[in-house]
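S.K.: So the chains spell out like this:
Number of protein chains: 2
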Amino acid sequence: MKPMFMGASTKQGYKIAKKSREIVRSLIDSKTRNLTPEERSIVERIVHSTADPEYADITQISSDFVEKSLKAISEEKDILTDINMVRVGINKYEGIINCHIADERTIELARKHEITRAAAAMELAALNGFDGVVVIGNSPTALLKVIELVESDSMDVKSVIGVPVGFVAAAESKKSLQESSIPHLITEGPKGGTPVAVAAVNSLISLLRTKQDEVNG
Amino acid sequence: MKPMFMGASTKQGYKIAKKSREIVRSLIDSKTRNLTPEERSIVERIVHSTADPEYADITQISSDFVEKSLKAISEEKDILTDINMVRVGINKYEGIINCHIADERTIELARKHEITRAAAAMELAALNGFDGVVVIGNSPTALLKVIELVESDSMDVKSVIGVPVGFVAAAESKKSLQESSIPHLITEGPKGGTPVAVAAVNSLISLLRTKQDEVNG
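Chains as they are written, first to last, in the numbering used here: chain A, 4 to 220; chain B, 4 to 220.
Accuracy of the hints is not assured; some may be wrong.
Heads up, the list lumps identical chains together, so a pair's fine if it works in one copy or across two of them.
Unchecked claim - Listed below are the simulated BS3-like cross-link pairs for lysine-lysine, each with C-alpha atoms no more than 30 Å apart in a straight line:
| # | residue 1 | residue 2 |
| --- | --- | --- |
| 1 | Lys-21 | Lys-115 |
| 2 | Lys-21 | Lys-178 |
| 3 | Lys-115 | Lys-22 |
I should point out that these hints are in silico values taken from the structure, not numbers from a laboratory.
Excised from the complex, chain A in its bound form (with noise of 0.2 Å):
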C-alpha cells in the first residue's frame, strides 16, 4: 500500500489534501510563528481537519507533550479514547487502540458509582492496568476523571490529548488538564471534539513515521 498524505491514500485524494495544507499553511502562519515545527504540524492538520482556523488560537500545546507522545507511540503504547468515533478515525497505528465505552464492566462502573459512562470508561482502563496515550474528543467528565486518576497515582498515563467539546463543563475540565502536570494539547473554550481529537493523534503518528524514515534514509 502507497504511504498516506493526511488520511488520503489515491492520487486525487493526495492533491486535495496538499493543496488544502497549502491554503492552511497560508491561513494560519502568522498565529503559529512561535510553535516548534511538530507543534506546527499538529495545529496545522487540525484546522485542514476542521476548515476551522480559529484552532490556531485556541489549540494549546505543553512544552513536553510532542516528546513525550512520540516516545509513548514509537513504543506502540496502548492509545485510550472515549467514544468510538474517535477510536476508528485514527489511521495506521501498530499499538493496541481501546475504547471501554460500551464494555459491560463500564456500564456497571457507572451504574455503581453515579458517574457517566465515559468516565466509567477511564475507571475500567486504570483497574486493567493501562499504561500510554488518553485521546478525550467528547467527554468533560471522562477527561476530569483521568486527571484525577492520575493525581491519585491509579493510573499511568504518558501524555493526554483532551479536546472535549460543548458548552457545559468541557472548557473547565480542559483548564484542569492545563494546570496539571500531564503531558497535554487542549482547545480553550467549548471548542473542540472528535475530528480535532484525530487530528492530534494522526499527525503525530505521522511525524513518527516520518522520523523513521529519515533515519532509514
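Based on these hints, arrange chain B on the given structure of chain A.
M.R.: Only chain B this time, still in chain A's reference frame:
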C-alpha cells in the same frame, strides 16, 4: 435500557446534555426562528455537537429534507456513510448502516476509474442497489459522485446529508448538492465534518422516535 437524550444515557450525562441544549437554544434562538420545529431541532443538535454557533448561519436544509428523511428512516431504509467515523457515531438505528471505504471492491474501483476511495465507495453502493439516506461527513468527491449517480438514474437516494469539510472542493460540492433536486442538508463554505453529519442523522432518528412515542401515547 433507558432512553437516550442527545447521546446521554446516565443521570449525569443527561444533566449535561440538558443544560447544554438550553445554552445552545439561547445562543441561536433568533437565527432559527424561520425554521420548522424539526429543522430547528436538527440545527440545535449540530450546534450542541460542535459548540460552534456559526452552524446556525451556514446550515441549509431543503424544504423536503425532513419529510423525505423521516419517511426513509421510518421504513428502515439503509444509511450509507462516506467514512467509518460517521458510521459508528450513528445511534439507535434499526436499519443497516453501511460504509464501503475499506471494501476490497472499493479499492479496485478507485484504481480502475482513477477516483478517490470515498467516491468509489459510492459507486459500489449504487452497484449493490442502494436505496436510502446518504451521509457525507468528509469527502467532497464522494458527494459529487452521489449527485452524478442520482442524476444519471444510477442510484436511488431518498435524501443526502452533505457536509464535507475542507478548503478544497468541499464548498463547491455542497453548492452542487444545493442546486440539485435531491432533498438535502448542507453547510455552506468549508466547514462541516463528522460531528455535523452525525448530529444531523441522530437528530432525525430522535425526531422519529419522539413522533412514534406520541402516537403510542
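S.K.: Against each hint, give a clear statement of whether it holds in the structure.
M.R.: To see whether the hints hold, each was checked on the structure:
no.: 1; hint: Lys-21 <-> Lys-115; result: between (49 Å within a copy, 23 Å between copies)
no.: 2; hint: Lys-21 <-> Lys-178; result: between (34 Å within a copy, 22 Å between copies)
no.: 3; hint: Lys-115 <-> Lys-22; result: between (51 Å within a copy, 24 Å between copies)
The earlier numbered hints are all upheld by this structure, with none contradicted.
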